[in-house]
Structure formats: C-alpha cells, structure tokens
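S.K.: Chain by chain, the residues run as shown.
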Amino acid sequence: MGKARSNEDWLIELNASGDQQVEAIADLREILLRGSLYSLNHNLSGHTNHDQNEIVQLAEDCAQDALMAVLEHLHEFRGESKFTTWAYKFSINIALTAARRDWRKGVSLDQLQDDSEPFEWLSPEHQDTNNPDHSLLQQEVFETIRDTIRDELTERQRQVLKWMVFGEVPMDIVVQHLQTNRNTVYKMLHDARLKLKRKLLMQGYGAEEAMALFYTK
Amino acid sequence: MDKSKFQSWLLSILETQDEEISCSLCFDLVSEYVDLENEGKANGREWEPLRHHLNQCLACRQDYEVLRDLTRLDASEL
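So the sequence lines, in the order shown, correspond to chains A and B. Count along the first sequence from 1, then add 247; that gives the number in the numbering used here. Count along the second sequence from 1, then add 22; that gives the number in the numbering used here.
Please keep in mind that the hints were generated in silico from the structure rather than gathered at the bench. Mixed in with the good hints there might be a few duds.
What the hints assert, rightly or not - Cross-link-like lysine to any residue pairs, in silico, SDA-like; alpha carbons within 25 Å at most: (1) A:Lys-434 with B:Leu-72; (2) A:Lys-434 with A:Leu-460; (3) B:Lys-27 with A:Arg-348; (4) A:Lys-329 with B:Leu-100; (5) A:Lys-250 with A:Ala-263; (6) A:Lys-409 with A:Leu-356; (7) A:Lys-442 with B:Leu-100.
What the hints assert, rightly or not - Some chain A residues close to chain B (C-beta under 8 Å, calculated; not the full set): (8) Gly-282; (9) Leu-284; (10) Ser-286; (11) Asn-288; (12) His-289; (13) Asn-296; (14) Glu-327; (15) Ser-328; (16) Trp-350; (17) Phe-413; (18) Val-416; (19) Lys-444; (20) Ala-454; (21) Tyr-462.
Unchecked claim - Just a sample of chain A residues kept apart from chain B, beta carbon distances all over 12 Å, derived: (22) Leu-261; (23) Ser-264; (24) His-297; (25) Asp-298; (26) Leu-305; (27) Gln-311; (28) Lys-329; (29) Asn-378; (30) Gly-414; (31) Asp-419; (32) Gln-426; (33) Leu-441; (34) Glu-455; (35) Glu-456.
Glycine residues also receive a C-beta, built at the ideal position from the N, C-alpha and C atoms.
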C-alpha cells in the first residue's frame, strides 16, 4: 500500500506540487479506500441485499468524499496521531454514515411518529412479577420515566428519544431527517437523559438502587 | 424494548454527566486515543470524557471500534 511515510512526509508531499503530490494523493486515496471498504464490509454485508460489486462501488464513492474531506482539513492535522489513523477516521465516518443510512433506506421516520403514550413504549415484560415488592418499585421507576418523558421533555427531545432509543433509528438517519448535525442530536438526547436522571435521583433511584432493582434475575 | 436494552438505557441515564463532550470533539480526539490505546497508553483520566461519550453515543462508538480494529489489523500485517 504505497510507500512508508512519516507524518511530516505526508504533509510535505501532499502540499507539494507535480508528481510528488500526485503520488501522495494516490497513496492517500488507497488508504481511504481500505478504510471505507473495511467499514462497509463489516457493517453493510449481511444487513442488505448489496453484492460485493455494489459495496466496492460505494466504498470508492466514500473514499473519494473522504479524500476531499482530508485535503480540506489537512491544515488541522497536528501530528497527535499517526497520519494514517487520522485519515482513516474520515473514510470510516463517511462509509459508516452511508451504511447506516442505507440500512434504513425506505423506512420513513414519519412511520415512527405517532401519538402513543411514553408508557406504551416501555414493555411490562421488565417487571418482576415473582417479587411483589420489586414489582411495585419497578413500577415506580417506570412511572417516573413515563411522567418525565411526557411532562418535562420538549416535543423534539421526546421525538428524538423515541426514534433512537425505542425505535433504534441510527443517529445519522435522525440527523438527515432533521437536517441538522450529530452534535445537536446528541445534545437533545443528553438533555433528555439529564432530566430523567435528576428525576430518578429525586425519587431515590441512583445507579446502585436502580441496578439492584432491574439487574436481579 | 427488551429487558437487556432497557437495563442498558437505564444505566446510560444514571451515568449521564452534567457536561459531556460533543460528537465533533470526539471525532477530533479519537485518532489520538486509538493510537495511544493500541500502545497501551490510553488509561489516563484525561480520556474519561472521551470514553464516556463513546459509551453514550452509538454512532461515535461504531466509528471508534472500526478505527481501532482496522489500525490493529494494519499493525498485525506489518
């Protein structure tokens, strides 16, 4: 896979001109293709009907996008990691985003947008029916979660929580649907978790108590 | 939501920190973290915010796991 280069070599040659730059870009593209192909083979095959030719084609497209991203961000590389590790993360991120979007292709988030009550999302199968005391306390936890979701989350937090936690919709699909970015969606989920945590703590359910309640067989 | 997923979700709620790093910052840091981890040098407390984010964010965790596995594969093929 191309010639061995130090971080400094990569920066010099990618910023050079002529044949030296052409060769460095070709080697970088090969690395990015390896990253995107590895990502897709481990996350796309088996989930979909894609044959290997389609996966290779998608990997080529992702590698091209990653090449543009790496060159655009090249000035941000500080040498805190190997250059190849730094470059890989662009192709992996782009390829896995494509894979996650592909996985849910044809499934509209609108289909998951309904008016059901939060309590309906929590199945009663979690309750310990063999131990009435446990069952009552578990019920209290469920009710705290339900009431907090219903009364204290914003509509958008509630919707994102329902899609991602209960519907297992990948973040990238939600990001695409809401025309936003990962940071915003993560923040919405973080704020929702924080409200739920504070409410559970107020009810006396810290990690230890809740785990003791739900991790017993 | 099955029982094990509910347990994981409940744990993720209770482990929520007041401040958590963003996905962008995770992306910025993850390559350095992976290289250090591959050398057995990523145990420091300074990496706790990143590790916490990787525990809470499935998308970033998937990206991280592939990066870690691929770099280890490369190292094994040298």
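S.K.: All hints, please: hold or fail.
M.R.: Status of each hint after checking the structure:
At most 25 Å may separate the alpha-carbon atoms for a hinted pair to count; Lys-434 (chain A) and Leu-72 (chain B) meet this at roughly 15 Å. Our distance criterion of 25 Å between C-alpha atoms is broken by Lys-434 (chain A) and Leu-460 (chain A), whose separation comes to about 28 Å. For the hint linking Lys-27 (chain B) to Arg-348 (chain A), the alpha-carbon distance of about 22 Å falls within 25 Å, and the restraint holds. Taking the CA atoms of Lys-329 (chain A) and Leu-100 (chain B), the gap is about 15 Å. The hint holds against a cut of 25 Å.
For the proposed pair Lys-250 (chain A) and Ala-263 (chain A), the alpha carbon gap of about 16 Å is at most 25 Å, so the pair holds. About 11 Å separates the Cα atoms of Lys-409 (chain A) and Leu-356 (chain A), which keeps this hinted pair within 25 Å; it holds. Restraint check: the Cα-Cα separation between Lys-442 (chain A) and Leu-100 (chain B) comes to about 49 Å, which exceeds 25 Å; the hinted pair is violated. Against a cut-off of 8 Å between C-beta atoms, the interface hint on Gly-282 (chain A) holds, since the closest Cβ of chain B lies about 6 Å away.
At its closest, the beta carbon of Leu-284 (chain A) sits 10 Å from a beta carbon of chain B; the interface hint therefore is violated under the 8 Å criterion. For Ser-286 (chain A), the shortest C-beta to C-beta distance to chain B is roughly 5 Å, which falls under 8 Å, so the interface hint holds. With its C-beta approaching chain B no nearer than about 10 Å, Asn-288 (chain A) sits outside the 8 Å limit, and its interface hint is violated. About 6 Å separates the beta-carbon of His-289 (chain A) from the nearest beta-carbon of chain B, less than 8 Å, and the hint is met.
The closest approach between the C-beta of Asn-296 (chain A) and any C-beta of chain B is roughly 21 Å, which is over the 8 Å cut-off, so the hint fails. Of the supplied interface hints, the one on Glu-327 (chain A) holds, with its beta-carbon coming within about 4 Å of a beta-carbon of chain B, less than 8 Å. The criterion of a C-beta within 8 Å of any C-beta in chain B is met by Ser-328 (chain A), whose closest approach is roughly 4 Å, and the hint holds. Hint status for Trp-350 (chain A) relative to chain B: violated, with the closest Cβ pair at about 12 Å, above 8 Å.
About 6 Å separates the beta-carbon of Phe-413 (chain A) from the nearest beta-carbon of chain B, less than 8 Å, and the hint is met. Contact between Val-416 (chain A) and chain B, as hinted, is not supported at the beta carbon level, the nearest pair being about 11 Å apart and thus beyond 8 Å. A cut of 8 Å between beta carbons decides the hint on Lys-444 (chain A): the least distance to chain B is about 5 Å, and the hint holds. Hint status for Ala-454 (chain A): holds, given a least beta-carbon distance of 4 Å to chain B, under 8 Å.
Hint status for Tyr-462 (chain A): holds, given a least beta-carbon distance of 6 Å to chain B, under 8 Å. Here Leu-261 (chain A) stays apart from chain B, with its beta-carbon at least about 17 Å from theirs, past the 12 Å limit. No beta-carbon of chain B is positioned within 12 Å of the beta-carbon of Ser-264 (chain A); the least distance is around 27 Å. Taking the minimum C-beta to C-beta distance to chain B, about 18 Å, the non-interface status of His-297 (chain A) holds against the 12 Å cut.
Look at Asp-298 (chain A): its CB is around 21 Å from the nearest CB on chain B, clear of 12 Å, so calling it non-interface holds up. At roughly 15 Å from the closest C-beta of chain B, the C-beta of Leu-305 (chain A) stays outside 12 Å, upholding its exclusion from the interface. Against chain B, the non-interface label of Gln-311 (chain A) holds: every CB pair exceeds 12 Å, the least being about 19 Å. Not every C-beta of chain B lies more than 12 Å from that of Lys-329 (chain A), the closest at about 6 Å, which undercuts listing it as non-interface.
Residue placement check: Asn-378 (chain A) keeps its beta carbon more than 12 Å from all beta carbons of chain B (closest about 15 Å). A cut-off of 12 Å between C-beta atoms contradicts the statement that Gly-414 (chain A) is not in contact with chain B; the least separation is 10 Å. The claim that Asp-419 (chain A) lies off the interface is violated: its Cβ sits roughly 6 Å from the closest Cβ of chain B, which falls inside the 12 Å cut-off. At roughly 16 Å, the least C-beta separation between Gln-426 (chain A) and chain B is larger than 12 Å, which holds for a residue marked as non-interface.
Not every C-beta of chain B lies more than 12 Å from that of Leu-441 (chain A), the closest at about 5 Å, which undercuts listing it as non-interface. For Glu-455 (chain A), the shortest C-beta to C-beta distance to chain B comes to about 9 Å, within the 12 Å cut-off, and the non-interface label is violated. Against the 12 Å criterion, Glu-456 (chain A) falls within the reach of chain B, whose nearest CB is about 9 Å from its own CB.
Violation of the numbered hints given earlier is confined to hints 2, 7, 9, 11, 13, 16, 18, 28, 30, 31, 33, 34 and 35; the remaining hints are satisfied by the structure.
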